[in-house]
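If you read the protein sequences in the order shown, they are chains A and B. Each residue of the first sequence is one higher than the one before, counting from 0 in numbering that gives the first Met the number 0. Each residue of the second sequence is one higher than the one before, counting from 0 in numbering that gives the first Met the number 0.
You may find that some hints are simply not true.
[As the list claims (entries may be wrong)] List of simulated lysine-lysine pairs, DSS-like, C-alpha gap at most 27 Å:
| no. | chain 1 | residue 1 | chain 2 | residue 2 |
| --- | --- | --- | --- | --- |
| 1 | A | K115 | B | K280 |
| 2 | B | K280 | B | K229 |
| 3 | A | K106 | A | K72 |
| 4 | A | K72 | A | K20 |
| 5 | A | K126 | B | K229 |
| 6 | B | K229 | A | K106 |
| 7 | A | K106 | A | K126 |
| 8 | A | K225 | A | K210 |
| 9 | A | K126 | A | K115 |
None of these hints come from the bench; they were simulated from the model.
This is what each chain is made of:
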Amino acid sequence: MDAKHSEIIAAEDLAAGYQDKIVWRDANFSIEHGEFVAIIGPNGSGKTTLFRLLLGLQSPADGVINVFGARPKRGNQLIGYMPQRHLVDGEMTIEAIELVRLGLSGKNWGFSLFSKNDLEAAHRALKSVGAEDLAHRSLGVLSGGELQRVFLAVALVSDPDLLLLDEPLSNLDIRRERELVHLINDVVRSRNVTALLIAHNINPLLPFLDKVIYIANGRVATGKPKDVLTSETLSALYGTPVEVLRDSHGNFAVIGIEENQTHCEHSHVEHHDL
Amino acid sequence: MNIHTLSIMTFSINLLTDLQTMWQYGFMQHAFEAGTIVAIVAGIVGFFVVLRRSSFAAHALSHIGFAGAAGAVLFGLDPIIGLLAFTSGGGIAMALLGRRAAQRDVQIGTVLAFMLGLGVLFISLYSGYATEAYSILFGEILGISYGDVLVTLAASLVILLAVAVVYRPLLFASLDEDVAEAKGLPMLSLGIIFMVLVAFATSISVQVVGVLLIFSLMVTPAAIAQRFAKRPLQGIVISVAIALAATWAGLFIAFYEPYPVSFFITSIVFALYILTIVIEKFYSRMMRPSQA
């Protein structure tokens, strides 16, 4: 990837939402090629809205956003998207490989009985997330962690350059959460792709992150984790005094805002396993 | 020749001879032809109905179709025209209101009841021909004409062609709505196409099982299939096979017994459904003996 394409995402005075109901505003940031970025913030702060802007499912309320040097357009094949999902119906007997192959061929019109390209690509995608043994298992019987791997394979099957992962770590226990973080990091590094990941808890991600986008109180702060996760930056973001604490393991806890209880909650449990 | 004199026909062990005997009668031939076409279409479209959890919407469409069929009879038109017009209109309206709206059972149920009421009014205005109402509500496959078979065939070809074109996008949109939307699939158009497919399939199925028994061909076979099928195509094949088997067996038995064909079809499908659940329970008990 040459230098002029190294900027994958650029936001300028970006505002999200609608004219009468702005979710957040004045966002200025850029994401470079190959960066692993976490998007952190309280519930309802507009994290998924950023993904919708990038996917072209929603237009900016104000300002400019560019993806791969152009305005976002729905159906961009360079983007692999893993939405936040509800649990799969336990009676769903369709096997994993059938879902993954649709990630590649599901947008094609017409009928193809004999093409196996998408099947081969689906097997490769499942293999790359260590889930080849799940290929012929029914979706309804998979565990939360297994499902997240399959969904990640759906996002990867079209060989994208940019990954948008919406809360892939939710509903996982600590061990599965750590496994999946390692897996996602391996995928990002080995494929040399750019990844944005929405999460509630930044701590399991910290060792791997290049950047953090912190969305709260209608504002957006971006930068390296050590620059963003400071009492000064977050106090300015929230517009109220906030204290950021670090423990001996390097875990962060944000004190002073009710919505951020989740940050502390996880970081404590985390210690038992470390 | 009517259905009552048929009961004197005697059943022989040779099924082929039995079929040859049946097919000497034009109405039985037409019934088998129309029944076969309808079973194939209902099995295929029904697979998507169950996959998208839209069975109540399909059920409602058939009731909306009742008003259309009754209205057509009142104005001296072929009931199938009223069925197609009303179910298509209702289907498009439901799709425009959104997929979530199509799952709002109270609203759908309210419209459904009103449409049945409207149908009753039309039927009574048509100087009270109860047989017309009866055949729309419960099906009258033994009264199918050659012309009806041709209309059914034409509608089916349109449905099958449309399914072949939208097969993968519709499957994708049904299994993984958010990703399909992000990949650029036209979700609203797909929703409308799907509901029109259901409308057409419902309209032709009404001839066989009537509006009240539409579940037996459009939903139950597909629901059984989706308890086993690991691949979509496999599910469609099983669904069609069950719908076909029930329709054929129903027609076959009805040739010898003086009871309605739709009763036999619904009973066979119901029996298969119960059998499926029993087998499943049995298997799941066999699969985990260690926990006992």
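**Request:** Check each numbered hint from earlier against the structure, then list the numbers of those it violates in ascending order.
**Result:** 1
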